[in-house]
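Under our numbering, the sequence shown has 124 at position 124, and the numbering climbs by one with no breaks.
No wet-lab data here; the hints were simulated from the structure. Since the structure is predicted, the reported quantities are computational estimates derived from the model, not experimental observations. Even for Gly, the Cβ is constructed at its ideal location relative to N, Cα and C. Mixed in with the good hints there might be a few duds.
Stated by the list, open to error - 20 angstroms max Cα-Cα, derived EDC-like pairs, lysine to aspartate or glutamate:
(1) Lys213 - Asp248
(2) Lys143 - Glu119
(3) Lys108 - Glu273
(4) Lys227 - Glu266
(5) Lys213 - Glu170
(6) Lys232 - Glu170
Claimed, not checked - Label-pair restraints from in silico Cβ distances:
(7) Val247 - Asn164: 20 to 26 angstroms
(8) Pro169 - Glu119: 41 to 47 angstroms
(9) Thr294 - Asn121: 19 to 25 angstroms
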Amino acid sequence: MNKILVIIFASLLIFLLVSCTSTENREVENNPTKDDSPVTDKYEGEDSETGEEDKDSENMEEEKEVEEEIEEGIIAQYRVADDWSLVPINEGTNEKVVLLTIDDAPEKYSLEMAKTLKELNAGAIFFVNGHFVDTPEEEEILKQIHDMGFVIGNHTYNHVNLKNLESDPEKQRSELVSLNDKIEEIIGERPKFFRAPHGVNTEESKKIAQEEKMVLMNWSYGYDYFKPYFNKDKLVTAMVTGEGPEVDVPYSLLKNGANLLMHDREWTSEALEEIVIGLREKGYEILDPRLIETIK
Numbered sequence: 001m002n003k004i005l006v007i008i009f010a011s012l013l014i015f016l017l018v019s020c021t022s023t024e025n026r027e028v029e030n031n032p033t034k035d036d037s038p039v040t041d042k043y044e045g046e047d048s049e050t051g052e053e054d055k056d057s058e059n060m061e062e063e064k065e066v067e068e069e070i071e072e073g074i075i076a077q078y079r080v081a082d083d084w085s086l087v088p089i090n091e092g093t094n095e096k097v098v099l100l101t102i103d104d105a106p107e108k109y110s111l112e113m114a115k116t117l118k119e120l121n122a123g124a125i126f127f128v129n130g131h132f133v134d135t136p137e138e139e140e141i142l143k144q145i146h147d148m149g150f151v152i153g154n155h156t157y158n159h160v161n162l163k164n165l166e167s168d169p170e171k172q173r174s175e176l177v178s179l180n181d182k183i184e185e186i187i188g189e190r191p192k193f194f195r196a197p198h199g200v201n202t203e204e205s206k207k208i209a210q211e212e213k214m215v216l217m218n219w220s221y222g223y224d225y226f227k228p229y230f231n232k233d234k235l236v237t238a239m240v241t242g243e244g245p246e247v248d249v250p251y252s253l254l255k256n257g258a259n260l261l262m263h264d265r266e267w268t269s270e271a272l273e274e275i276v277i278g279l280r281e282k283g284y285e286i287l288d289p290r291l292i293e294t295i296k
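Use the sequences and the hints to build the structure in full.
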């Protein structure tokens, strides 16, 4: 009898041991450790995360640009048209604007002209020549003009006719890029607009300007470089009416978005206040150049 009980007890013990071992094996199969995960799944997961991070990074950069524009209160509202006038990007934006530009800065009168415009709350682009910023005093004048809120443009280093350098791409590049380097050294930023001397561009200068992220800009009209208008009163009349009968322009070139060319000249400096007032009396808004679309 005792032998039978021992055999029964031993059998039960063996059955219990076998059952426990089987249960543990099933738990391992149903709950694999991290090391048991397929290697391909692990790397695919990391690739997927990297892709998402790249997208997030791009989105953050775009958002940052928008935020910077909003913080500065500057969102492009106008673009330069094929005829060099300024046209609204969106419907509902004021069309009756004119852009003031000053070439050959800062030779002698640019700072005085900037102060006049500042008092009138009128914006302008000052297009700079490198040979007018080759002394510490001239550099300081340019910095003051920029610090007053005016946009600084590139007008080549030596004011050469780029057509005469057509066979020398490197000299053309130097005329544009070396001036951009110089201006950045003085004011901390590179110009966003380029005006070729005499309005003469080449295919190479257009290419360089694009590489340097500068918008090409010529003009709609200007009269202060013609001898009959080396006079304050005559210049005021010509710029406000858009007419220059003494130089074969008996009709008005003044229109919505007109791009007005002026220079660092004594008579222009004297006429500037009346030009601004006269244009405003005709209902034209003086355009803030910072509202012009640039190359990102």
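Do the hints match the structure? See the list:
Using a Cα cut-off of 20 angstroms, the hinted pair lysine 213 and aspartate 248 is violated, with the two alpha carbons roughly 36 angstroms apart. Taking the CA atoms of lysine 143 and glutamate 119, the gap is about 18 angstroms. The hint holds against a cut of 20 angstroms. Annotation: proposed proximity of lysine 108 to glutamate 273 holds, straight-line Cα distance about 17 angstroms (limit 20 angstroms). Taking the CA atoms of lysine 227 and glutamate 266, the gap is about 13 angstroms. The hint holds against a cut of 20 angstroms.
Under the criterion of a C-alpha separation no larger than 20 angstroms, the hint pairing lysine 213 with glutamate 170 is consistent with the structure, at around 18 angstroms. As the CA atoms of lysine 232 and glutamate 170 are separated by approximately 40 angstroms, the hinted pair breaks the 20 angstroms bound. Judged by the Cβ atoms, the range 20 to 26 angstroms given for valine 247 and asparagine 164 holds: they are separated by roughly 24 angstroms. Between proline 169 and glutamate 119 the C-beta distance comes to about 43 angstroms, which sits within the given range of 41 to 47 angstroms.
A C-beta distance of roughly 22 angstroms is found between threonine 294 and asparagine 121, which places it inside the suggested range of 19 to 25 angstroms.
Figure legend: structure checked against the earlier numbered hints; hints not met, in rising order: 1 and 6.
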